[in-house]
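**Q** Residue numbers (the numbering used here), protein chains in the order written: chain V, 8 to 272; chain D, 8 to 272; chain Z, 8 to 272.
No lab work stands behind these hints, which were simulated from the structure alone. Possibly wrong hints are sitting among the right ones.
One copy or two, either will do: identical chains are not told apart, so a pair holds if it fits within one copy or between any two.
As the list claims (entries may be wrong) - In silico lysine-lysine, DSS-like type, Cα no more than 25 angstroms apart, as pairs: (1) LYS260 with LYS62; (2) LYS241 with LYS37; (3) LYS184 with LYS218; (4) LYS115 with LYS32; (5) LYS115 with LYS183.
As the structure is a prediction and not an experimental result, all values here were calculated from the model.
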Amino acid sequence: AAQGATSTEEPSILVTVEDGLRIIKLNRPKKKNALNPEMYFRWTELMHEAAKDDKTVLTAITGAGDFFCSGNDLGNFMNIPPGGEAELANRTKEFLYQFIDAFIEFPKPLIGVVNGPAVGVSVTTLGLYDAVYSSDQAWFQTPFSQLGQTAEGCSSYVFPRLMGPGIASEMLMFNKKLSAHEAQRYRLVTEVFPHDRLQQEVWPRLQALAKLPARCLIYSKELTRAADKEILKKTNRAECERLCERWQSEDCKNAIMNFFSRQRK
Amino acid sequence: AAQGATSTEEPSILVTVEDGLRIIKLNRPKKKNALNPEMYFRWTELMHEAAKDDKTVLTAITGAGDFFCSGNDLGNFMNIPPGGEAELANRTKEFLYQFIDAFIEFPKPLIGVVNGPAVGVSVTTLGLYDAVYSSDQAWFQTPFSQLGQTAEGCSSYVFPRLMGPGIASEMLMFNKKLSAHEAQRYRLVTEVFPHDRLQQEVWPRLQALAKLPARCLIYSKELTRAADKEILKKTNRAECERLCERWQSEDCKNAIMNFFSRQRK
Amino acid sequence: AAQGATSTEEPSILVTVEDGLRIIKLNRPKKKNALNPEMYFRWTELMHEAAKDDKTVLTAITGAGDFFCSGNDLGNFMNIPPGGEAELANRTKEFLYQFIDAFIEFPKPLIGVVNGPAVGVSVTTLGLYDAVYSSDQAWFQTPFSQLGQTAEGCSSYVFPRLMGPGIASEMLMFNKKLSAHEAQRYRLVTEVFPHDRLQQEVWPRLQALAKLPARCLIYSKELTRAADKEILKKTNRAECERLCERWQSEDCKNAIMNFFSRQRK
């Protein structure tokens, strides 16, 4: 929870586990589920918990409210610690690395239930899920260049293989926004549902899948990830190092100042 | 042929070679071309023969009757040798490894002519063909989890790259069945034909391709496979080791008992 | 310029740089922009120049006239040097290697603006661009087997990953011609435009992209290429060595003689 939160405040991430299905729900709807540092830590922790918990067969990630997740809260860049920008960039780099690593190492099926628009790191990490079911009202954007930044979430490795190099370039370099149906065509999304049917269609399906033999699923995923795991870890490291440099660059500072000055108008 | 077969019985795999085109036809239509150990051995042997034969430019695999191939004959699991289940699992692992390896190492164009539904290992190996032409009445399923098993045929490596990770997960972990047109959209199938036109469209095309310069085809395939061959061999080994464990697991035994008790009802 | 060219002749490749956008335009329209050795050298040189030039943010390749590029000028094979065919093959191998290497190493966004049909090396290299925008009147063909040759431009590695192995086999082994819309479906092309709107739609878009922060684009591309660069370089070398053998083979000589005797009729 944010500084000064009282114990009556709702947690920013909700968790339930029932009959093998664990649901992790981003719950900061007034901020479009933007991720602050506490949420990165908590989400990472919940991934480790899900990995270890014998009662968890299948894990689903979804969002409360209209957005799936609006990505990194840009306000995170305004809260400069005593060590200055370099300290902020280095801290952020480390928790981002750990957060992405939890996806790379996650040993069980991980399903995205994308209830609305997704931005930035909530899009790039979708490439590390096992399947993604999306509302037709969702859209997907990773405006890294526009913000003076570069790709994370292993998207620089995963997106060209998923989408082909052209659409991946348009997403990662040229700030292209994909509709849900485009995201399906380019394989970021596995299946698209009419918005008002998403919940009733997807949850019973996931409840049924959570009854499959847990070890078959774990072993299947292990075989599937074997060839890529080392390269994903290396990519995560390289992306985080580059972002650490980017966050301290003039490109990024100018872009974020412009973002906030546009917001104030 | 099965034990006790007489010499008048039709062979379970038919072979013809004419003008550079070798056709290997699964011929156990009453069993939906399910593969027994003899058929694995014979098919492997025929692949080696095709690789060496100077008169074979192009090799096509197809099925007699309504099915392309219903996969591994589950009856294979009922025929326990004196050494018990462990011996059965180890034997099966070895001939499965050799069978898949024959696809990985096959040096000439290999074309699937999918005349009807395909299940299990006959689906996973399609990812190792150079092109796959299918009837619109075919469908494709690899119900590994449902049977307490895990992926083979290098599908844990090939399918996510072919189909994207979402559809590959649905196939390999969640028992999804693909129609022929879905299989084409997800790149498992190269082209779909109306069922009653498949034979007359595909064979003349393959006869024409078998007149191309044989060395160009061999060298092209060699270049294409170079980057993947070691990883395919490693994947095949890892998948076979995991299956050997799975076949002796409670998950698998329960699933196969359920399968046969459902059949008896 | 060709032998005996006067200084008033138009250069076979035109270049402009304006507001960050460099346009390299093949300009031998009477020969459908077929590449002679001088054009390979010049294009390679222009890629190196674009890579180094601080004023170049985005580089676009396009063609003058009706064709994008008809590939390697087969007339190149008729101009036998004193050292004979072996010398010709070795020379060609070396400048082809350097040409493809310039694409592999190109550090900035590279965009194809495909104004018409593309053949051979102008198709294979498209797999090394960051995005490809095409006229709906373009088509794409790499008739290597028909000419007794094998793949180049890293297509033996890139095409199966881009298109799936089936369509890649049909292109690289079976001489299949793709329409612009097929090329988009199989991810060789990023977006297709009606022929008469291509120029007015694409250039303003590229002018806008050339205003993005240059370092973000360079770093994004560096991250994206990191996992593949060594394998692309190795593939380029293997493909060039094989072609050097092919060009001296009977398969190739017969195919090229047939080509010219058909032309004369």
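**Q** Now, for every hint given, state plainly whether the structure supports it.
**A** Evaluated hints:
When the C-alpha separation of LYS260 and LYS62 is checked against a cutoff of 25 angstroms, the pair qualifies only between copies, where the shortest distance is 22 angstroms, while the shortest distance within a copy is 45 angstroms. For the homomeric pair LYS241 and LYS37, neither the shortest alpha-carbon distance inside one copy (35 angstroms) nor that between copies (49 angstroms) is at most 25 angstroms. For a Cα distance limit of 25 angstroms, the shortest separation of LYS184 from LYS218 across copies, 18 angstroms, qualifies, whereas the shortest one inside one copy, 36 angstroms, does not. For a Cα distance limit of 25 angstroms, the shortest separation of LYS115 from LYS32 inside one copy, 17 angstroms, qualifies, whereas the shortest one across copies, 39 angstroms, does not.
For the homomeric pair LYS115 and LYS183, the shortest alpha-carbon distance between copies (18 angstroms) is at most 25 angstroms, but the shortest distance inside one copy (31 angstroms) is not.
In summary, the one numbered hint that this structure violates is 2.
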